[in-house]
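Given the structure of chain A, go ahead and fit chain B onto it with the hints provided.
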Amino acid sequence: MTAGEYRRVVVLAAIWAALIFAPYWMPVFGGYTALGSRVLVLGLGAMALNFLLGFTGVLSFGHAAWFGLGAYACGLTLKFIIPSTPLGLLAGTLVGGVAGALLGALLVRRRGVYFAMVTIAFGQVFYYIAFQWSSVTGGDDGLRGFARQPLDFSLFQIDLLHSDLAFYYFVLVCFAVVVAVMALILRSPFGRTMIAIRENERRARFLGIPIELHIWIAFTLSCFFMAFAGGLYALLNNFADPRVLHYSLSGDFVIMAVMGGMRMFWGPLLGAVVFVVLQDYLSSLTVNWMSFIGVLIVLIVLFFPRGILGLIRQRRTA
Amino acid sequence: MIKRVGVAGFDRRALLKVGAAAGLAQVAAPFVISARGEAPIKIGVANPLTGTYAAPGKNESIGMQLAVDQLNAKNGILGRQIELLAEDSTSGDAGAAVQKTRKLIERDNVDFLVGNVNSALAQAMAQVSNEKGVLHIVPGGHTDPITGTDCKWNVFRVCNTTRMEANAVSDLLFKTYGKKWHFITPDYAFGHTLYQGCEADLKKLGGTVTGNELTPLGTTDFSAYLIKARAANPDVLVVLVQGNDMVNCLKQISQFGIDKQIHVAGTQQELEPVEAMPPEARVGVWMFEWYWKQAAGTPGLDQFIAETRKRSGGKVPTARTWFGYVTIHAYALACEKAKTIEAKAAAKALADLELPPEIKLQPNKVYFRGGDHQLMLSAFLGELLQTGDGDPENLFKVNSIVAGDSIAPSVADTGCKMNMPA
Numbered sequence: 372m373t374a375g376e377y378r379r380v381v382v383l384a385a386i387w388a389a390l391i392f393a394p395y396w397m398p399v400f401g402g403y404t405a406l407g408s409r410v411l412v413l414g415l416g417a418m419a420l421n422f423l424l425g426f427t428g429v430l431s432f433g434h435a436a437w438f439g440l441g442a443y444a445c446g447l448t449l450k451f452i453i454p455s456t457p458l459g460l461l462a463g464t465l466v467g468g469v470a471g472a473l474l475g476a477l478l479v480r481r482r483g484v485y486f487a488m489v490t491i492a493f494g495q496v497f498y499y500i501a502f503q504w505s506s507v508t509g510g511d512d513g514l515r516g517f518a519r520q521p522l523d524f525s526l527f528q529i530d531l532l533h534s535d536l537a538f539y540y541f542v543l544v545c546f547a548v549v550v551a552v553m554a555l556i557l558r559s560p561f562g563r564t565m566i567a568i569r570e571n572e573r574r575a576r577f578l579g580i581p582i583e584l585h586i587w588i589a590f591t592l593s594c595f596f597m598a599f600a601g602g603l604y605a606l607l608n609n610f611a612d613p614r615v616l617h618y619s620l621s622g623d624f625v626i627m628a629v630m631g632g633m634r635m636f637w638g639p640l641l642g643a644v645v646f647v648v649l650q651d652y653l654s655s656l657t658v659n660w661m662s663f664i665g666v667l668i669v670l671i672v673l674f675f676p677r678g679i680l681g682l683i684r685q686r687r688t689a
Numbered sequence: 013m014i015k016r017v018g019v020a021g022f023d024r025r026a027l028l029k030v031g032a033a034a035g036l037a038q039v040a041a042p043f044v045i046s047a048r049g050e051a052p053i054k055i056g057v058a059n060p061l062t063g064t065y066a067a068p069g070k071n072e073s074i075g076m077q078l079a080v081d082q083l084n085a086k087n088g089i090l091g092r093q094i095e096l097l098a099e100d101s102t103s104g105d106a107g108a109a110v111q112k113t114r115k116l117i118e119r120d121n122v123d124f125l126v127g128n129v130n131s132a133l134a135q136a137m138a139q140v141s142n143e144k145g146v147l148h149i150v151p152g153g154h155t156d157p158i159t160g161t162d163c164k165w166n167v168f169r170v171c172n173t174t175r176m177e178a179n180a181v182s183d184l185l186f187k188t189y190g191k192k193w194h195f196i197t198p199d200y201a202f203g204h205t206l207y208q209g210c211e212a213d214l215k216k217l218g219g220t221v222t223g224n225e226l227t228p229l230g231t232t233d234f235s236a237y238l239i240k241a242r243a244a245n246p247d248v249l250v251v252l253v254q255g256n257d258m259v260n261c262l263k264q265i266s267q268f269g270i271d272k273q274i275h276v277a278g279t280q281q282e283l284e285p286v287e288a289m290p291p292e293a294r295v296g297v298w299m300f301e302w303y304w305k306q307a308a309g310t311p312g313l314d315q316f317i318a319e320t321r322k323r324s325g326g327k328v329p330t331a332r333t334w335f336g337y338v339t340i341h342a343y344a345l346a347c348e349k350a351k352t353i354e355a356k357a358a359a360k361a362l363a364d365l366e367l368p369p370e371i372k373l374q375p376n377k378v379y380f381r382g383g384d385h386q387l388m389l390s391a392f393l394g395e396l397l398q399t400g401d402g403d404p405e406n407l408f409k410v411n412s413i414v415a416g417d418s419i420a421p422s423v424a425d426t427g428c429k430m431n432m433p434a
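Residue numbers (my numbering), protein chains in the order written: chain A, 372 to 689; chain B, 13 to 434.
Here chain A stands alone, though its shape is the one from the complex (with noise of 0.2 angstroms):
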């Protein structure tokens, strides 16, 4: 085992344990249960933005919409078909996903702004859909009456609701499945090639790589990722609205991404712990936290470039 490698298993391990551990050692620092689901869950949603951004180098401003569908699909399977986590859970994910395998196709051949424009046009589409719709979404008022159902293993049965610890493990092997997957990803072929796109597109089309159609797979498995977000979304809040739609929330995964160091697997967590724990540590004390969330972004822009994680990195090789 080389250096590199046996600093990268310390790393993960160290990454895990606090993970897992995270529920024992958080309220030492005031945090609390539901705060690490949170943290785990909107950090999955900038880690499957940051699977479109940091990797094949595509930005794509309206990922709030798929995270939104997933949100809703769940809430309404839940609410409406069937009262079962995991069939909510997958329903989100196909719902959202499906939907951006299809508007995907649409948006592969744009590049650069005109890309992140469409995507936030099609993003404020099901917003507004979301928003009129009353009898079904429940418009502005928000998607109410499910909750989370407890899983069924036969032998015995694990409360999700009444127990945040038992959400928060749920949660946690959710996160640990899908990072896998995308860990997987990044380091077949496949992800190389993403990463060859990112880099220097024109070199990788006279490679004869099909750019349009790895640009399709690589969003559209994004979508995929990002709605199983949206749906841990709604199982965590028993709730869903608008908001969950809306571009600003596209806007915060892209600044959790890219606070936390886009060009960085684990980047967009540290960005999502940052910026989730600023939020609820700052917006009890004044209603401007975000001023201090802006402050801070404009900080790591202009002085760490590549984000917390990338400051690391960088003094680390120095």
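Keep in mind that the hints were calculated from the coordinates and are not lab data.
One thing to keep in mind: the hints can contain errors.
Distance condition first, Cα-Cα at most 20 angstroms in a straight line; then the derived EDC-like pairs of lysine to aspartate or glutamate [unchecked claim]:
1) B/K86 - B/E50
2) B/K305 - B/E405
3) B/K192 - B/D162
4) A/K450 - B/E405
5) B/K144 - A/D530
6) A/K450 - B/E143
7) B/K272 - B/D162
8) B/K70 - B/E319
9) B/K144 - A/D535
10) B/K377 - B/D417
11) B/K216 - B/D247
12) B/K192 - B/D271
Okay, the calculated bits of chain B under chain A, using three or more residues with CB under 8 angstroms as the criterion [claimed, not checked]:
13) 129-138
14) 241-249
Yeah, the Cβ is synthetic: ideal placement off N, Cα and C, and Gly gets one too.
Just chain B, lined up with the frame of chain A:
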């Protein structure tokens, strides 16, 4: 090789850095829990402090803080001091309100929850408080289902229902202004049920609706809706929007001169928006849920006004200040009656509580109805004044004060089926 890396990872500088960071964390650690003696009773408030309902939200806070200070000066609740923890729920983001509610319950372990001015946010919060079994008073979200079809054992409300508001004013509007009504309605829970109530009352009286303009919460430009309303040529333009939306809407109505052609009125009106609008926009017949200028000799009223003025930079109390004040005092009275702050016992005590004179601050009997947990408070009917009468803040002429139980639908008609847990 492994050993070498391990040693290199922990050189002197790294150790110093870790030490410094740990030291800093001790000072800067934001959430250090202080020692617990006889722990205070924690009251969590998630209410709007920003956005279109910021002014009502802040006035409710003033009323709550006043009540807390009064109680703490007299040995608190059951001998325990009270601590208020306030969070900004925003004016219209139900997701934020849910998140804040979970934070108050899960992180701060509040014993009692208060919120929200916005009906939709209040409904969303009620679902969380019910899931967690925390006693919850809604101090100012009016939509019917909170104490109707969606009523819950742990949720109480001190402001009117939208149906009570519609019933209080409809008759008067119909007699005063005519039978063709056009509505400007906020597009969320509050507006939807208030419109339904008004429409039902109007149909009963034999009138017609010429149209209903649904406006998103936080609308600043009402011109498109107003042009449509004017074209429909109704007898009355009924304005149901609230907060800053009300200010903007009435301002534009007077700018367009619509109030010269069509009567302008509404159901619920409040002192916060009325003070924020120019004098020429203050027109029409309305209801206030509580008003500060009342007959001399109302017990406790002068003191309430004086104490509020001290805390609000000289401003008089509004209905919102009173809601906040009543919310805390009602909770305290219920706990004292139940001799515990345990949620179920306190809820049972609150369910048929009658407010004493120095807290109700109005002529009629004011009490919680056990069947739907709705406070029966009076409606103050009258008309807006363009300039203050006697006091710059006396901008409403009260013509009559109607008892709450005379305008409230029966418990059976609210659709509430209360299930108290054993």
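Structure-based check of all given hints:
1. B/K86 - B/E50: Satisfied, since the Cα-Cα distance of roughly 16 angstroms is no more than 20 angstroms.
2. B/K305 - B/E405: Roughly 9 angstroms separates the two Cα atoms, so the pair holds.
3. B/K192 - B/D162: Outside the cut-off at roughly 32 angstroms; violated.
4. A/K450 - B/E405: 48 angstroms, violated
5. B/K144 - A/D530: OK: B/K144 and A/D530 at ~14 angstroms, within 20 angstroms.
6. A/K450 - B/E143: 16 angstroms, holds
7. B/K272 - B/D162: With Cα atoms ~41 angstroms apart, B/K272 and B/D162 exceed 20 angstroms; violated.
8. B/K70 - B/E319: With a Cα-Cα distance of about 16 angstroms, the restraint between B/K70 and B/E319 holds, given a limit of 20 angstroms.
9. B/K144 - A/D535: 11 angstroms, holds
10. B/K377 - B/D417: Holds: B/K377 and B/D417 sit about 9 angstroms apart, inside 20 angstroms.
11. B/K216 - B/D247: 17 angstroms, holds
12. B/K192 - B/D271: Since the Cα atoms of B/K192 and B/D271 sit roughly 15 angstroms apart, the hinted pair holds (cutoff 20 angstroms).
13. 129-138: holds (count 4)
14. 241-249: violated (count 0)
In summary, the structure is inconsistent with hints 3, 4, 7 and 14 from the numbered list given earlier, while agreeing with the others.
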